[in-house]
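Engineer: Can you make the complete structure from the sequences, with help from the hints?
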Amino acid sequence: MKTENQKEKGKKGKKKADPQRRMALESLPPHLRDHMTPEEVELFLYAEVWPETLMEKMEEFIIPQE
1 MKTENQKEKG
11 KKGKKKADPQ
21 RRMALESLPP
31 HLRDHMTPEE
41 VELFLYAEVW
51 PETLMEKMEE
61 FIIPQE
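Numbered per the working numbering, the sequence shown spans residues 1 to 66.
Hints are computed from structural coordinates only; laboratory data are not their basis. Please note that the accuracy of each hint is not assured.
As the list claims (entries may be wrong) - Cut-off 20 Å, straight-line C-alpha distance, at most; resulting in silico cross-link-like pairs (SDA-like, lysine to any residue):
1) K57 / V41
2) K16 / E39
3) K16 / P38
4) K16 / L43
Unchecked claim - Just the calculated beta-carbon pair ranges, DEER-fashion:
5) P64 / D18: 20 to 26 Å
6) S27 / A47: 17 to 23 Å
7) M55 / S27: 15 to 21 Å
8) E66 / D34: 31 to 37 Å
9) K15 / E66: 28 to 34 Å
10) P38 / E66: 30 to 36 Å
11) K16 / E66: 28 to 34 Å
Ideal Cβ placement from N, Cα and C applies to all residues, glycine included.
Structural biologist: Set out below in structure tokens:
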């Protein structure tokens, strides 16, 4: 069982989601958002590089870099 100190430490270790990413996630169509796993949501909010599976789900919303 975690102590209060360990719980607080765990909260501080988690970085805050970028507000723009949070807004982007919330603006996704419900059919897409509802089919994202908790892991994919976590990756969407925090990962610098997305896995191929998440890229495929988001392909209609991604503008390729030139």
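Engineer: For each hint, tell me whether it holds in the structure or not.
Structural biologist: Checked hints:
In summary, the hint linking K57 to V41 is supported, as the alpha carbons are separated by about 12 Å, within the 20 Å threshold. The suggested pairing of K16 with E39 holds, with an alpha-carbon distance near 16 Å, which does not exceed 20 Å. With a C-alpha separation of about 16 Å, the suggested pairing of K16 with P38 holds against the 20 Å cut-off. As the CA atoms of K16 and L43 are separated by approximately 13 Å, the hinted pair is consistent with the 20 Å bound.
The supplied range of 20 to 26 Å is met by P64 and D18, whose beta-carbon atoms lie about 21 Å from each other. Checked against the given bound of 17 to 23 Å, the beta carbons of S27 and A47, roughly 19 Å apart, stay inside it. Separation of M55 from S27 is about 18 Å and conforms to the stated range, judged on CB atoms against 15 to 21 Å. Distance hint check: the CB atoms of E66 and D34 are about 32 Å apart, consistent with the given range 31 to 37 Å.
For the hinted restraint 28 to 34 Å between K15 and E66, the CB-CB distance of approximately 30 Å keeps it satisfied. Between P38 and E66, the C-beta spacing of about 33 Å keeps the proposed range 30 to 36 Å intact. A hinted range of 28 to 34 Å holds for the C-beta pair K16 and E66, which are about 31 Å apart.
This entry satisfies every hint, going by the numbered hints stated previously.
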